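Engineer: Here is what each chain is made of, one letter per residue.
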Amino acid sequence: MDVYRKYKDMVSISILVIFLALFLFFPLGFLASKTTLRDAYEAIFGKYSWLFIDALVFSFKQAALSATISIVIGGLVAYSALKTSRRLSKLLRVISFIAFMMPSTVVATSFYMTYGIRGIPLGMGFWGIIAAHVFYNAPLGYLYIHNALCSISRDLLDSLEFYGMRHRTKYYYTLLKLLAPAIVSSWMLAFVYCFTSFAIPLTLGGPKYWTIEVYIYYTTRILNNYGLGAFMALIQVLIVAIVIFTLKKYERAMPPGIGELRKDMRYLPIPVLYLIYELVPVASMVFHAFYDPVSGVFTLKALAVLTSFRIIRALLNTLYFALLATTIAVLVGSLASSNFISLRLSYAPLFASSVVLGLGLYALYSDKIPTWILIPTAHALVALPLVATNIYVGRTRVPKEILDVCRLYNVRGLRYYLDVYIPLIFESFVTAVMFSLVVSIGEFGATYMLYQRSYETLSVMVYRLTSSRKFLEASMVSLLIIVLSSTLSLAIIRRKEVGGSEVGV
Amino acid sequence: MEYSVELVNVSKHFGKIRALDKVSLGFPAKKITTILGPSGSGKTTLLKIIAGLITPDQGKVYILGKDFTEIPPWKRPISMVFQNPALIPTMKGRENICLPLRKCPKEKIRDLARMLDIEHVLDRYPEQMSGGEQQRVAIARALITEPEILLLDEPFAHLDAIIKESLIRDLTKILRELGITVIHVTHDQDEALTISDYLAIITQGRIIEFGKTEDVYERPRTSLGAKFLRHNFVVLGDKMYRFPPEAVRIENEGEFSGRVVECIKKRGYWLLRIEVEDGEGILECAYYKRIGIGERVRFNVNKELLSSV
Chain A
1 MDVYRKYKDM VSISILVIFL ALFLFFPLGF LASKTTLRDA YEAIFGKYSW
51 LFIDALVFSF KQAALSATIS IVIGGLVAYS ALKTSRRLSK LLRVISFIAF
101 MMPSTVVATS FYMTYGIRGI PLGMGFWGII AAHVFYNAPL GYLYIHNALC
151 SISRDLLDSL EFYGMRHRTK YYYTLLKLLA PAIVSSWMLA FVYCFTSFAI
201 PLTLGGPKYW TIEVYIYYTT RILNNYGLGA FMALIQVLIV AIVIFTLKKY
251 ERAMPPGIGE LRKDMRYLPI PVLYLIYELV PVASMVFHAF YDPVSGVFTL
301 KALAVLTSFR IIRALLNTLY FALLATTIAV LVGSLASSNF ISLRLSYAPL
351 FASSVVLGLG LYALYSDKIP TWILIPTAHA LVALPLVATN IYVGRTRVPK
401 EILDVCRLYN VRGLRYYLDV YIPLIFESFV TAVMFSLVVS IGEFGATYML
451 YQRSYETLSV MVYRLTSSRK FLEASMVSLL IIVLSSTLSL AIIRRKEVGG
501 SEVGV
Chain B
1 MEYSVELVNV SKHFGKIRAL DKVSLGFPAK KITTILGPSG SGKTTLLKII
51 AGLITPDQGK VYILGKDFTE IPPWKRPISM VFQNPALIPT MKGRENICLP
101 LRKCPKEKIR DLARMLDIEH VLDRYPEQMS GGEQQRVAIA RALITEPEIL
151 LLDEPFAHLD AIIKESLIRD LTKILRELGI TVIHVTHDQD EALTISDYLA
201 IITQGRIIEF GKTEDVYERP RTSLGAKFLR HNFVVLGDKM YRFPPEAVRI
251 ENEGEFSGRV VECIKKRGYW LLRIEVEDGE GILECAYYKR IGIGERVRFN
301 VNKELLSSV
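Taken in order, these protein sequences are the chains called A and B. Number 425 in my numbering belongs to position 425 of the first sequence; there are no gaps in the numbering. Number 263 in my numbering belongs to position 263 of the second sequence; there are no gaps in the numbering.
Pulled out of the complex, with its shape left as it was, chain A reads as follows:
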């Protein structure tokens, strides 16, 4: 039995390694081989080195600021919601999850439409980027810190309130210490997301605010300077790797719990403001789908876009890419979830941002593999860590005693899989499928690096419509994506509530 298992594990790891080597390591290696010391010198000391330095500094600055504001808001809201009402905290959990899974082009467009065209700083420039990042990452902070608060046992909270409330600073200090792993993990994750953010700075930043991602895109796809872009990509991979390795140190498994704090309705305004902040951009998309900001009149003109050839093609492309990406991600993710080593290996795509991933695939395979395979492969790589983790958690949740019972009573082969194993991991499997679908539908960075006009997806279409100032159409397509993405996110969060799993967020 053990020999059979070892053999099975080795086959799984081998297939996973081959997949990652072909579509991740070789493309990144190819990028690395394109860059030279001269490129490095050029980037740091050359004529246009200020562009490189500016992009690097700006990426750091906006990522650190966005992550800090997000986690402070997320944490405050999580605490306040639990102090107010359990129902409210549950509702915020759902809203936060949907917001977190929302495609970045849609968020960027909605911030621009809601605030930017009205001249409010929250919708363009530096503060626009920060605000849009906070829209995404405050939910991340909320989900992490809410889970952490819930995992603290009721008895511990009671005793903390009973003894600690006499010295409020001591109480908050102890609570912060208990929440520290969640705060640090969520901050680092938010930092990585903001640091590698592409669609938001591209849409809201303009030429003044370039992040590394935007810089890589311009130097490679517009200026055709692969050496410089590849050097920047390597720097980015290095920084992300350092943050992720540090993040792993702070990771803690959090047991699901109820999380009840003594109720105090004075905290109510905080979650309400958060709710408004998260809902306004979405509601504004509904408004702007029927309101033309240029002529200032309400119109049903944008409905026509839903029947146009372009949107049908984009919808079909999006669904096709999502289905193929999910098939690949689930197949590879199932292999990756067979043991802990291969699971860790499946996290490798996290080190490369989606733009870098797309760039690597484009540089190495654009003339060898058709785009309709490359794009879903890139999506599958982006979704792989989430998919593998969900399946892995489902597999490890099967109680060891049940496996022993099956061995003891000779429940093996097809009967074992059909009657016992598959029904037990089915929920986490479906969750993994949905995660993959929602990630693929919203993916922008890699798609934008790889796509040609006939392979336009809904996400890319939103960006292109916004940048050509077709706001009505952009809002209508955004609305379509919001419906798709929210439906899937709702299904995921519902399953997670039933199964109690907190992975993948």
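No wet-lab data here; the hints were simulated from the structure. Predicted model only: the values in this text are computed from it and were never measured. Think of the CB as a built atom: it goes at the ideal place given N, C-alpha and C, for glycine as much as any other residue. Treat the hints with caution; some may be incorrect.
Some but not every residue of chain B turned toward chain A, in silico, with C-beta under 8 Å [to be verified]:
1) A51
2) L53
3) T69
4) P73
5) W74
6) M80
7) F82
8) A86
9) I88
10) T90
11) L99
12) P100
Listed next, the in silico DSS-like pairs over lysine-lysine satisfying Cα-Cα at most 25 Å (straight line) [unchecked claim]:
13) B:K212 / B:K22
14) B:K164 / B:K265
15) B:K30 / B:K75
16) B:K212 / B:K227
17) A:K400 / B:K164
18) B:K16 / A:K6
19) B:K303 / B:K239
20) A:K400 / B:K16
21) A:K249 / A:K61
22) A:K208 / A:K61
23) B:K66 / B:K92
24) A:K6 / B:K75
25) B:K92 / A:K400
26) B:K75 / A:K8
27) B:K75 / B:K60
28) B:K75 / A:K400
29) B:K212 / B:K173
30) B:K66 / B:K22
31) A:K177 / A:K263
32) B:K16 / B:K30
33) B:K266 / B:K227
Based on the hints, put chain B in the right spot on chain A.
Structural biologist: Frame of chain A, contents of chain B only:
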């Protein structure tokens, strides 16, 4: 004596941890034997080695006289009930009971369900059953194969006191009626004494006591065994003795005297803790009525149960 299961020189290590150290032990046929030991003493490892779920590093496992050391679990004439009922959550009670069989005779399920009082949960999923009902279904699943040997791995550990008591009573009765060999492991002394015909005590991977339950309880060979069975260790006169609480009788004309330091109400009796005056130490014994703290009492100790340390 006829043995159903015999372990000869069985050892098992998990990395640097020695779970079992050259254990040799025979389990009498058609009797209930309990392996009693603290957490981490190796009792579950021993049970899993008998079940074939763990392979020993060294030694042999004989079942019904044949060497089963290398035989996979499903080819052994054994069933097992785990601490966690380990019911498949996606299967109803009836399907869980039938798990070990390809085809499940309805009458057999009905009889077992009636015997274990679980007829009402046959069409329920595990999450719709109470802890006690789940464990009864797990026992039915173990019994449906009509095993020669039944292994019980702390099956009552997660149950509350009343359910535990009724399940132990019912199960002991059923197992004695069926006349199968039962090997039961627990850390609970009361449970061990209630259920078993034979008792083994295990600590740090070694069997330190084995024999008929009353013999082991009343006259353990080792001081370690006596300590685990919570015997009294006191100095009477100028020598230290060990003896079970049952050896102490409170009598007006008792040979020894002491002062009550604690009197705790238990179900059906009072537990006295007495500070010995004619020696040293505190002993425990049962008494039918309450005695005030600080009161002086005289007592005798049954010499037959007395061992010097």
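Engineer: Now look at each hint and say whether the structure bears it out.
Structural biologist: Hints and how they fare:
{"no.": "1", "hint": "A51", "in the structure": "holds, 6 Å"}
{"no.": "2", "hint": "L53", "in the structure": "holds, 5 Å"}
{"no.": "3", "hint": "T69", "in the structure": "violated, 15 Å"}
{"no.": "4", "hint": "P73", "in the structure": "holds, 5 Å"}
{"no.": "5", "hint": "W74", "in the structure": "holds, 3 Å"}
{"no.": "6", "hint": "M80", "in the structure": "holds, 6 Å"}
{"no.": "7", "hint": "F82", "in the structure": "holds, 5 Å"}
{"no.": "8", "hint": "A86", "in the structure": "holds, 3 Å"}
{"no.": "9", "hint": "I88", "in the structure": "holds, 6 Å"}
{"no.": "10", "hint": "T90", "in the structure": "holds, 4 Å"}
{"no.": "11", "hint": "L99", "in the structure": "holds, 6 Å"}
{"no.": "12", "hint": "P100", "in the structure": "holds, 3 Å"}
{"no.": "13", "hint": "B:K212 / B:K22", "in the structure": "holds, 22 Å"}
{"no.": "14", "hint": "B:K164 / B:K265", "in the structure": "holds, 21 Å"}
{"no.": "15", "hint": "B:K30 / B:K75", "in the structure": "holds, 20 Å"}
{"no.": "16", "hint": "B:K212 / B:K227", "in the structure": "holds, 18 Å"}
{"no.": "17", "hint": "A:K400 / B:K164", "in the structure": "holds, 24 Å"}
{"no.": "18", "hint": "B:K16 / A:K6", "in the structure": "holds, 22 Å"}
{"no.": "19", "hint": "B:K303 / B:K239", "in the structure": "holds, 14 Å"}
{"no.": "20", "hint": "A:K400 / B:K16", "in the structure": "holds, 23 Å"}
{"no.": "21", "hint": "A:K249 / A:K61", "in the structure": "holds, 24 Å"}
{"no.": "22", "hint": "A:K208 / A:K61", "in the structure": "holds, 14 Å"}
{"no.": "23", "hint": "B:K66 / B:K92", "in the structure": "violated, 36 Å"}
{"no.": "24", "hint": "A:K6 / B:K75", "in the structure": "holds, 23 Å"}
{"no.": "25", "hint": "B:K92 / A:K400", "in the structure": "holds, 20 Å"}
{"no.": "26", "hint": "B:K75 / A:K8", "in the structure": "holds, 24 Å"}
{"no.": "27", "hint": "B:K75 / B:K60", "in the structure": "holds, 16 Å"}
{"no.": "28", "hint": "B:K75 / A:K400", "in the structure": "holds, 20 Å"}
{"no.": "29", "hint": "B:K212 / B:K173", "in the structure": "holds, 19 Å"}
{"no.": "30", "hint": "B:K66 / B:K22", "in the structure": "holds, 19 Å"}
{"no.": "31", "hint": "A:K177 / A:K263", "in the structure": "holds, 22 Å"}
{"no.": "32", "hint": "B:K16 / B:K30", "in the structure": "violated, 36 Å"}
{"no.": "33", "hint": "B:K266 / B:K227", "in the structure": "holds, 21 Å"}
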